[in-house]
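We have chain A; now place chain B onto it with these hints.
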Amino acid sequence: MPLPAKAFQLWLHVVAPTASTADICRISGIKRTTLAQQLVRGKVAETTLVSISRALGRSPLEDLSSFDSYAGLAGQPQPPTAAELVSQIATMDLLRAVISRSSPAYGGYGDDGSSLTPALGPAPHATSVRNWVDAIDDGELRHRVSAATGVAPQNYSAQLTANRLSPELAVATARAAGVGFTGGLVATGLLTETEAGWAPEAKQAALDALSDGELTALAGERLQSLGRTLRRQEQEHEQTKKIWENLG
Amino acid sequence: MIAILQWTTLAVCALVAVARIPSALRGENRSIFGIFALSTFAIMLSISTIYLVVDAWLGAENYANLILRFLIYGVVLLAGYKIAKGFGAQRSMWFIVGPVGRTVLALVVIATVVPFLLANTTGSSTGLGTLSDQSDRNVELIRLYTVAGRFYPSYIAACLLPATIRTVRSRLPKLPRIGAAVLALGACAMILLSFSELLPRPLAYLQYFISSTAVLGLVLGLALMWLGRVLATKRPART
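So the sequence lines, in the order shown, correspond to chains A and B. Okay, so the first sequence: first residue is 1 according to the working numbering, each after it adds one. Okay, so the second sequence: first residue is 1001 according to the working numbering, each after it adds one.
Quick caveat, the hints were computed from the structure, so don't treat them as lab data. Backbone N, C-alpha and C define an ideal beta-carbon position, used for all residues, glycine too. A portion of the hints provided could be inaccurate.
Listed below are several chain B residues computed to face chain A (Cβ distance under 7 Å; list not exhaustive) [unchecked claim]:
{"id": "1", "residue": "K1082"}
{"id": "2", "residue": "K1085"}
{"id": "3", "residue": "G1086"}
{"id": "4", "residue": "G1088"}
{"id": "5", "residue": "L1172"}
{"id": "6", "residue": "P1176"}
{"id": "7", "residue": "M1225"}
{"id": "8", "residue": "W1226"}
{"id": "9", "residue": "R1229"}
This is chain A alone, in the form it adopts within the complex (with noise of 0.2 Å):
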């Protein structure tokens, strides 16, 4: 659920109380009439504060916890685990680690985390809601996160395919699978690690601890995937054409 207009405008007025809504806009990136629309409708976006919030200087993370519906993130927040770390990492990334590791007969180094590997890019991926939901699903979760939001199952695998999830079912579903509200957030795209308090060389660590048949099993299991979705857009692209080649 986005935030209620009341109580962003609230919020705004304690963190920015000289700003005129179009300095709000001005700094933050936000276009005018969007955030007009927002308040007219009584419902303000997250991204919108996380914008503002972030133009200001502030912690992103804290703002959004001010909120009563998102009460729950306040506090010292519980870090990702493992595997939720690893989720985040690009599947280029990892088949580049799996590369590195290989003897140098392959254009490997032959070693762990060498300093020679270029860094891993930053969350979110292509993939990376999925890859995150998949990283914490017991095979229950989504019936349980269904059950506790009313979103339909078919809806939810819908936004999980185009990568796509709201910060209100992304804490929904970190909250049913009993992980930390962050890994959802920097899944999405809504935060970066930084400000959801990641350490910075997490995801490295969580990538080094893996061991050569863990990633390789997870890199052959992110390029199947990825397979299978550039397949569909093959498919799509030649249905497409064929339309216009007939019809067009």
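Chain B only, in chain A's frame:
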């Protein structure tokens, strides 16, 4: 009211057909232009004012109505073939231009031409509703002729409906999906048209709305596909 509806439908179709001329001259998918042009002529012939003029010129034996039937058959056959092919619907293709489709078409043509030639069709009458010869035999023959004429478009529409709905539900780009939805709407109207005989007399005017929906659904659906192709070739496809 009905006149306004018919003339508006005609204007829309004619506009789309004219807009398609340049691309037809360039040789892009001429059959789509053919569909637009034939639809325009078909609507012209279903408007009373134009029908009476054309039929008078053809000898007031209602041959204009026979021509109208074949214009409609041509449009739905061509459109059905192109749409089924565009949506990659093998089964629909089979039912439209395969052995089954050809048999159906042949039967429909016989069921159209034979009753028409056997009936006494003297005296121009739009839709053949008010022929001068109202003998039982003549009324029955005309009814058979009318049923055949409505059956074929409904048949093609029914063949296309699964493929169009599948496309609407797919994850293709927005415009082809909206176009497919409009085509599906037109196909539904085309199927309903077959049952418009069952409408009670006070509601008989509804069939004009249904037939306009059918034609506009087809023409605008195809126009959306065209728009989609133009936009897609202008700016590179997003993924």
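We went through each hint and held it up to the structure:
| no. | hint | in the structure |
| --- | --- | --- |
| 1 | K1082 | 5 Å, holds |
| 2 | K1085 | 5 Å, holds |
| 3 | G1086 | 3 Å, holds |
| 4 | G1088 | 6 Å, holds |
| 5 | L1172 | 6 Å, holds |
| 6 | P1176 | 5 Å, holds |
| 7 | M1225 | 4 Å, holds |
| 8 | W1226 | 6 Å, holds |
| 9 | R1229 | 3 Å, holds |
When each numbered hint is compared with the structure, no violation occurs for any of them.
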